Structures are given as C-alpha cells and as structure tokens.
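Once you have looked at the hints, place chain L on chain A.
2 protein chains.
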Amino acid sequence: MSSFTPHPADATAIATIRTLAVDTVGKANSGHPGAPMGMAPVSHVLFSRFLNANPKNSKWFNRDRFVLSNGHACALQYVLLHLLGYKLSLDDLKQFRQLDSKTPGHPEANHTDGIEVTTGPLGQGFANGVGLAIAQAHLGAVYNKDGFDLINNFTYVFTGDGCLMEGVASEAASLGGHLQLGNLIVIYDDNHISIDGDTAVAFTENVEQRFLAYGWQVLHVDDGDSDLEGIANAITEAKKETKKPTIIRLRTTIGYGSKQQGTHGVHGAPLKADDIVNLKNKFGFNPDQTFQVPQETYDLYSEFGKRGAALEAQWNALLAEYGKKYPTEHAELTRRIAGKLTEGWEKALPVYKPADPAVASRKLSEIVLSKIVPELPELVGGSADLTGSNLTKVKGNALDFQPPSTGLGTYAGTYIRYGVREHGMGAIANGLHAYGGIIPFVATFLNFISYASGAVRLSALSGHQVIWVATHDSIGLGEDGPTHQPVETAIALRATPNVAFWRPADGNETSAAYYVALQSKSTPSVLSLSRQNLPNLEGSTIEKAARGGYVLHDETDEDLTIVSTGSEVAIAVEAASKLKAEGIKTRIVSLPCWLTFDQQPEDYKLSVLRSGAPILSLEALSTAGWQKYSHEQFGLASWGASGPYLKVYEKFGITGSNIAAVGKKVADFYKGQKVVSPLVKAFHL
Amino acid sequence: MSSFTPHPADATAIATIRTLAVDTVGKANSGHPGAPMGMAPVSHVLFSRFLNANPKNSKWFNRDRFVLSNGHACALQYVLLHLLGYKLSLDDLKQFRQLDSKTPGHPEANHTDGIEVTTGPLGQGFANGVGLAIAQAHLGAVYNKDGFDLINNFTYVFTGDGCLMEGVASEAASLGGHLQLGNLIVIYDDNHISIDGDTAVAFTENVEQRFLAYGWQVLHVDDGDSDLEGIANAITEAKKETKKPTIIRLRTTIGYGSKQQGTHGVHGAPLKADDIVNLKNKFGFNPDQTFQVPQETYDLYSEFGKRGAALEAQWNALLAEYGKKYPTEHAELTRRIAGKLTEGWEKALPVYKPADPAVASRKLSEIVLSKIVPELPELVGGSADLTGSNLTKVKGNALDFQPPSTGLGTYAGTYIRYGVREHGMGAIANGLHAYGGIIPFVATFLNFISYASGAVRLSALSGHQVIWVATHDSIGLGEDGPTHQPVETAIALRATPNVAFWRPADGNETSAAYYVALQSKSTPSVLSLSRQNLPNLEGSTIEKAARGGYVLHDETDEDLTIVSTGSEVAIAVEAASKLKAEGIKTRIVSLPCWLTFDQQPEDYKLSVLRSGAPILSLEALSTAGWQKYSHEQFGLASWGASGPYLKVYEKFGITGSNIAAVGKKVADFYKGQKVVSPLVKAFHL
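Quick mapping for you: the protein sequence lines, in order, are chains A and L.
Counting from 7, one number per residue, gives the positions in the first sequence under our numbering.
Counting from 7, one number per residue, gives the positions in the second sequence under our numbering.
There could be a bad hint or two in this list.
Copies of the same chain look alike in the list, so a pair counts if it fits in one copy or across any two.
[What the hints assert, rightly or not] Straight-line alpha carbon distances no greater than 25 angstroms define the calculated DSS-like cross-link-like pairs of lysine-lysine that follow:
#1 Lys265 / Lys680
#2 Lys93 / Lys62
#3 Lys288 / Lys265
#4 Lys671 / Lys634
#5 Lys611 / Lys634
#6 Lys687 / Lys584
#7 Lys288 / Lys278
#8 Lys278 / Lys265
#9 Lys353 / Lys591
If you are wondering where the hints come from, they were derived from the structure by calculation, not from laboratory data.
In this text the structure is predicted, and so the values were computed from the model without any measurement.
Only chain A is shown next, with the shape it has when bound in the complex (with noise of 0.2 angstroms):
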C-alpha cells in the first residue's frame, strides 16, 4: 500500500529547490549545484510528509534530526530552511558564501538556524548521525515511560558517495549496526559521480552488501529523479524497522536538468548563464527572474511548520502531564535539556594533599568519574577498546549502552562500547551532545586522538562539549615505544582554537580539569594523563588549577621560574630543590591549561609568568609552542624510545639532576641582563 499522497504542487516545489539552488550558488558564484537538484525530490518528499520540526522553535527538544553528511551540497539545506519558515530569508541565499552571512560556505552549527551540526568534511555528518540516534535510544529509555513516549524522534541523513569512501563514516556505520539503532535512516544519494569523475574511478565495491555486512536494513529506489512515491515507501518501510538502522540507496541524476547533467562537470562549479535559462524554461519558470518561489511553494511548505508547531504543542503538553505524575525524571530531564548541571556536583570532587599516596592521573581521572557520574547522570562514557587501560568505567556507569537482545547491556546504560574506532567516537560524540541532555566523555591514548584529529577539530568549531580522557600521555607510557608516544600532539591540540587540553600534574589539578571542562558547556576539553604514578604537590589546589597556570612553589628574587606540565611538575619541584642546594632560587609555574590560563587577566598572567628571571620550560614532548611562555625550552627533540619508563625518561635528560644542570646553565645564561617576561607583547591579537 502507498504511502505517499500526492499533492499538485509537488512538482512546483521541486522545480523551486532546483531553480532556488542553482541561483544560489549562481548569485555566489561559488558551490555546488548539483548535488541540491539530484536531490530535491527526496528533500521535498522527506521535509513535506515526513520530518517532524517546528520552524518556529529550532531547539524543539524531540523534532527529528537532520543531517546533511554532504555539506557541500548546503544550498539545498539553505533553500529547505527558507521555504521551511527557519530564519533564513531570501536575502540570506543571496548572501551565500559572503563574509558573515547566515550562509557560509559549509553548514555550521551554532550559526544558522535549524542547522544540527557542521558538516563538510566529509564522514563526519554520517558518524554525527549516530550519534544523534544513540542519543535518542539512550533517553528514550531513560526517560520514557508507559503512555509517556516522550523521546522517540528519528534521525535523517543524507549522504554521498564521498562519506561512504570515508573511514570515520565505516566505523561509525559499523557501530550504529552492532547497536541496532532503528531510529536512523540514511539516504544516500547515489549519483556515480564525485569530484574526480565518475566513481567507477575508485568506488566500485557493493555498497548494499556492506551495509547488510554491518547489520543495516537496506532499501533502494532506482528512480530518485521522479518516484516520489517509491522515496516515500522506502522511508515508511526504514520508519517501520525497528531494530535496525536503515539505508536507502537512492540512484539519481546529479545536476537534473541541467545541459550537464549526471556528470561532474555539474559537481562543483556554478551552472553556465545560458545553462540557468534552459533550466528554468524546462521547469516551467521564468528565465529572467532569479530567487523566484511560487505562492504554492511557500503554501505547501507552511504544511510543514504547521504539522511540527501541533506536534510541539502536544509534546509540550505531554511532558507537563510527565511532570505530575514523574516529578522527579522530570526535574532531571528537564534540567538536562537546559544544560544545567546538578546544583553542587563540584563537592563531590575529590581533594588532595601532599601526603596522599602517588597516584598516576589516569587513576585519580577515575576516581573523579567515580565521584561525578552517579551525580551527572547526563555523563555517557565509553572508550575506543581500552576501557581497562583509560580506567574510565566506574561504578556510576557499569550498565553498558547496548542493544537489549545482546544481552549485555541496555539502551539506559551509560557507557558505550566504541570498539577501537577513534575517528568514529569522536565524531560520534560530537552527535551525542548536539542531541542535548548528554556530556559525552569518551577514551584512549593520547597518541590516538591524531586518529581522530577531523572530528576533535569539528568539536571545537561547533562548542560540543565533548570531554577526552587521553591516557598514556608521554614516554612515560614506557614499553610501547615511540609509535604510542605523543610527541606533536599536545601542540596540534593547544593550537585548535577552544580545544582545552589539560594536564594535569596531580590529583588536585586533576578535579580542576575535570571542574573547568564541565562548566565549559561550549567547548572540547582533552585531558592528558599519565600511566606512570604522580605525587601529589605542595601548592596545588583545584581553586588555583582552575585559572590554568598558577605559582606552585614561589621565591622572592628568584634566579629562574620553571614553567612545566602534568608528570613533569614533580621533576621540576625536584630540580629547583637541587637548585637551591646549589643557590639559585628557582620559582615553579604550573600551566595545566594554556587556554584557560590565556583567558584570565593580563596582570594575574603576568605575575604568574613575571619579568625578572629567565623563564624554562619543561615538558616530555615536543618543545613547539612553549616559547609563548618561556625563554628557554627543555623537551623532546625527536621521538620517544620503548624501554621501562624511568629509564626513557633517564635517556632523554628528564630528570630531577639534569633538568637541575640544564636551569643552572639557564640562570647563568641570563645573569646580569634585564628580563622581561615573554608575555610582554607590543600587540594582542
């Protein structure tokens, strides 16, 4: 039985997604026309029967999601916002590409309404999407109850062949089948075409056999061009799945209508002038207007708003009905919606003094989880395979996220298996807290994460405040050797803007962290940690930790200041106690954080960095960047060495006695000459 009614303007407001993408990207001179034309059909048939939103509330909480993985193709997602009633005008397409537009050159979340996340680079949109979708299963769980289905909406997205080639996107894909998430619905756009050509130039495998591979539902419509009855079969079809994700392989013509159609000359440059006039003269439109929509459009499309305003209403009537009768799951999710964190979450972080044991920080990372995720319920955890090595499962989330039928878990649990699948978890993440209601933390070395540098990078540019616990932070990880010791890392992270890579030197600067990046609600946080055990340090405490570099250990007239980091510190106290043996009054500065350190105020920093004596910086890794904040830098040259860690550390002269030779040499260097302290600067930018 159909499941699509037709309705006489269809065919009108096709031709308007077509004819409005070609004049936006025609207007910019810049984009890419053919992929919104191959795919206004099913744009049409998806935002016109099937996605439940409201226009007129973007952030409706249980609206559909959906993604646009081929964010390249935005003119099309452009288009469907205006027509739609989001707050994008005709002026806005106008602009596109333009300086500070609504409509840049790639859809960015926290920029544009209605957009869930930045797309463009692309896998990342795909994996995003599973996210979004385990988001859902996982607080429809939590929170729906008999009669109350207050979380259940699904999720769209739309896909190239350029994801699918992606490995971020295969391991995502792979994932969200062992999850069996029935609430997520791919559309893949299946055009033959990318930018080098046809895809039989590189991208001949059988996608359907691999989706089934992964555990998906698959669909096809061989006619994406004009079986709008066949594209709405197969979404009731994928809607009706519900133990699996679904993927309909749509075949279309990319650039329809076009002179160049179904070729890649229509990929990614503006249609030719006298190509517009015989599309628009082929659909019916005038050839001498740009930025034309018929009244019948804009009536059809109000349909859309009006559907999803009801459904917000009901909604918002059946989460009041909620409140009387679960006052308190509505209390919490609510308040999970809004992105407030428990009143008073912070005291349960642990504090530490000097005499406590040695601790390496991936354990006292541990033992905060364990203190904050029974008060955080919206902490969803998990690691790429290495749950036992990150240490980041704790009692609080001891119910894996899985599938009911896997008997190992359920869709309440709070800690998800990621399989060792780096890129995947981080973009997945990303999708996590887009959803809302969710802080996702997730895990593995720290050398790991250049795995997933794209999706840390999109992190950032969009706010998801996604929280990396990265262990095994250095050579102090020892026998792994140089393939599994960062060196680069940490300043690839420390130059992402609104990354905050944290080190932590102990157990107090460790709460801090963790403190700092659960009220930073718009930024990534990475947190480096050791293997190796750490003591704690006179001087530390969370309060001081959390400005991001702070005087652990002071002197009056100092003959040098030690700037260091994480397992380092505690060298740096030992050498500056050789140090005053010998004389030489060696202050110690402590900078967990450099973004959170560069956000407080200039006199706080530059007392914390002061002019007056040299300044040495002390790190087990690459040297770059730290000559922002020092004068003089001790660290690695070249990559690490397997072996027992002390001795690594021996090896490279990251001792208490040679790190004391090298601050003599330092003081000495600098004896006599007036020094100003480098964050003295004629200029800021």
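Leaving out everything else, chain L in the frame of chain A:
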C-alpha cells in the same frame, strides 16, 4: 588435493614459537602474549611453506613482504625473525621492550632487520599492505617481460579484530578490492577477543560479507589452532586468485595453551609463572628453562633460509639476463631499486623572474610536476578525489593505475585514484615507499591531512619519502569557509619530528620545495600550497629557498624584520614598502621550511634572524610555534570565515596596510631596547 606435506618437526616448531613468545613477554614483564600464541600455527605454515625471502639479505627486492598489522603481537614476529635466521639473536629476544634494543614494544621499520613497515597503531599495517601490493603490481607491469617475471612477490598481512575496526583499514580494503590486487593475502586472526573483552561488545558485523562487498576473495579456516593443512590449502587458494585480494578468516584461540586461553586476560599482560609451567609441560618443554629452541626447530627453519637464498640467486641471474636483453629497463629498474634519482633531473625545475605573472602555488606545483614526472618514473601520484583542485595529474602521469579490466587504465599507470580516503591514502603511500623503487606523492586539501595524521606520523617515524601536495592551505581558499580552512595544521606538522612542512611563497620556492623533498630519501614532505595567485618575488631563488629560510629583502640597520611564509610573504613585502615610506626600514625573511632551516649552520641561521631589531612573524594561520623565530606574532586568533578570499584576508587584518600598522607598533615598542635574536639560547636540545 592437499597442498601441505607434514613434517615431523611441525608440532615442535609451533610449540617453540609459543613458548619463546611467552618467555619473551615474560622476561620483559610487558607485552602481548595472546596473539602470538594463537597465531603460531599460521605463522609456522606461512613461513615454513610459503613465504619467499632471504634472511641473509632482508632487502632482496623480489621477496614476499610480510606485515604484522596487529603490531602489538610483535613478540611473534621477533621470535620468527630469530628462528628464520635474520639478524636477531636470542639475546635480542631477552632484551624485548628494553631501552635501545632491536626488539622495541612495537615493530619499527629501519630499526630491526626484516621488519618491512612500522606497526602498532591499528589499521596502518593493513593499509601499508595494500600499498606494498600496489607497488608490486605496478613495477611488475612496468618491468616484467616475456620470460622475465622479475617482480612477482606476494604481500602477506596478519591482522586482528582491532585493525579491521579501524577506518583506515576499511578505506584501504575498499580500494584494494577495486584495484583487484591478486597479490595481496590477508590473514585475519578471528579470536573474538579485544581489550574490552569479547568482540561481541562492539564488533558484530559480518566481516566475510563486508570483504565480499569490497570485491575480495574470502576464505576461512575454522580451526586455526591445529588445522595446518586447512591453513596451507587456504593460502594456496589465495595465491591462485589473481584478480582479487584474499582475506582468510582464521578462527583461533587467543593465548592457546594458557590456562586463560580464549579470554582477554591473556591479551596484553604476561602469563603468570604457574601458567608458564603449565604451558611448557603441555608442550613437552622443560618448565624450568626459558628461551628453549630445540635443534629440530632450528633445522626445520634453516630450510626457509636455503629456499630464500636459492630464490635470490636465481633472481639475480634472471636480472642479469634481463640486463642483456633490456639494458634500458634494467638500468632504470636498478637505479630505482638503489633509490637514486636520474642524473640532472633537477635541471627540469622551473625558474622564475619577478616579472613572471602571478600564479597560485598549487598551479606552480602542477608546473613542477609536469616537468619532473617525465624525468622520474618512480613518481607515482594520486589524489583523494581532488585531482582537479590539487592539480596533480599532468601529461607524464596521464595513465591511471587501474586494473586493465576496468578499461580506465593499466597497472603500468602512475596515477592512483584514491577516492575520498585520506587516511588510507597516507598509509598506502607508506607501503608504496616501503616497497622500494617508488616515490609516492599524494594530494588533498591541507586541512584534510588531519584525517591522515596517523599515517603521516608513521611516515615520519619510519622515514618514508612521501610527498603530500596539500593545496587550499589557508583562509585564502575563501568561500569554502572555516570547515575547510586550516589553522592548526601547519604547527601540528611542524611539531612532528622529521616532517618537512614547506609553505612556498612563489615559483622559485615551489621548485625549491620539490628539490629538497626529492633529495630527502627518508623524510616525508608536506607542500602547503595556495588556491589564490601569488606574485613572483624579487629576491627569491631556488638555491636560497632550499636552505629553508633566507633573507628575501635586506636592509642595513633595520628597524624591523618580518618573517613570513607562503601567500603572506608578498603581503609582508607590501607592508615593508609602506613602512619604508614612513622611514621604518624593514627586512623580509622568507621561512618556507622550519625543518630545513633548523638544519642549517648556526651562524647562517643567526644571520637570517639576526639580533638588533624586533622580528614579527606573519602567517594566515595560528601563531602557535612562531615564538621560536620571532618576538611578535601576527596571524589568526581563531577560525577563519567563509567569503571571497580578499574579504576574508581583510577581515583578519592580513593586508599590506594593516601589517604596516602592526609593524610600526612593533618597531616603536622595541625602539631603544637591546633586541636579541630569538635563536640565541642558553642551550640547544
């Protein structure tokens, strides 16, 4: 018919591998015993019956390549190398995971005799294997002649569940299937265990079906613990299939023989003492002795060495005969095997004068390639589906590397269509270089190298000469916006040891970048290239730029030096001219490659970035790291923006007039002060 003839010493040999691996891990008290114990039978069958290599000359060109993609199982590989007669003694096994030993925690190429590629970071070895197989197919197609099957080796890859979960392996597997690499045989250790426990928690896809979807031949052996004949039959069948790569799913028991066999307890920690006693008793070994090798085991494996030596002798004779019949091809092939460039190739590099028109450096790169590709047939290029944007396909590599049956090219083609698979491309390129005789260049946007960081890191650690053509290298790409505009990428690469990151400013500098990159046999290079046009600069030459940094424009008694790279050097020149008009004498230093500059003599470096006046750095990227070379830094404080590129530059103040204003501020700030070069240091690492 069986392809396996049993040998009386088979069982003892397998037991020797297992007990040696256990002792190796046990003595180190660190490492992974489980996979070596489970994979001992297949290792024995492969190396004793199939693999062609000469332990006395591990570099024999036509050897079969063996890759342990699950590199954490390296105790297995070290044990095999020892038993087979490579330069690895029992004492080396006893030094497993100790400082400066030949047996580090994960296998490192160019460190241990017989190790082809560095593995450990999961998925890399699998993709390297695809690269090794491509290299064989290509060189065979180019140089083999009737009666001279000179290059016909197989590539064998061991992989575990972890590698198969990684996206980089998925990308490479899909491409490997498309390319019909019949010479590639992957053996999948299907032991159902990963660090988080049973693979049922995260990895339940149908691996066989997935590889069928990729176009692979899929075989399986149900009893990998003891069915030696079944293993041999599968490998034989794999070798027979010439149009598809083969994956053999081998069901094994991790830690076979241990009391904990089949559990993750045996994955990553040494066996307990009583378990070792149990194991040795079970296998008929003396439980009181360690590192026992029965003579019959050595004897059996000595056959491997004899077979390999004989094969190499035959091959050398064949090569000599080939030299008589095909002297030109012989000369070229042996030159390529020796890693020598053609005499005078560098004369093909284009040279520019300031009057030459402004050209984008991606286009300048294309011009270089069009000149040198015909000179250097070892250049095998490709792009991750951005050929028309990266401009990497030139007349000399017009023929695609493709299976002949596609009608799109042949295996003799030198241009690889990688698809949208950046990480796979990087790891495949490492395999291409590891094979020998090939210098791969690969291409994407600079921003998307971050997808491939895991592979770039291993290029650098292993010394693979891979050239990345990384176009669209800043906000200068304009409309695509911040999702595509790198900010942090340059410093991430500059901070990676042994990566030569080049950001040429004009034609001569682009030629210099290629000149140095091609001479650097064991260094990967990233060429960061503009989308927008750049003028040819007064003062640039190939020779000067090849030093990594030089004075482009000099002044005596300067008030300011501006140090810059790439597309911003011309803006610095414009600023200097404006400053001159205001009486501020400004030198310009171009610093296209930090790594190369750092390798210059101290006095040269101090003459370029000299004391006496402040140095201001300028780059349309993060300023992180520039403090090493400058007193003040101008760049991007955060993300870029979508818009026409000149407007984007203006928004961020990177224009001649604004930089002149900033330069004046800097000159004024330091006026009258003693200014010391940032290169003057108390010590050097």
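A quick look at each hint next to the structure:
1. Lys265 / Lys680: neither (72 angstroms within a copy, 68 angstroms between copies)
2. Lys93 / Lys62: within (8 angstroms within a copy, 72 angstroms between copies)
3. Lys288 / Lys265: Intra 11 angstroms, inter 75 angstroms, cutoff 25 angstroms: intra-copy only.
4. Lys671 / Lys634: Both: 20 angstroms inside a copy, 19 angstroms across copies.
5. Lys611 / Lys634: both (12 angstroms within a copy, 20 angstroms between copies)
6. Lys687 / Lys584: Answer is between: at 23 angstroms across copies they meet the 25 angstroms cutoff, but 33 angstroms inside does not.
7. Lys288 / Lys278: So Lys288 and Lys278 pass the 25 angstroms test inside one copy only (15 angstroms; across, 77 angstroms).
8. Lys278 / Lys265: within (10 angstroms within a copy, 72 angstroms between copies)
9. Lys353 / Lys591: neither (37 angstroms within a copy, 59 angstroms between copies)
Of the numbered hints stated above, those contradicted by the structure are hints 1, 9, listed in ascending order.
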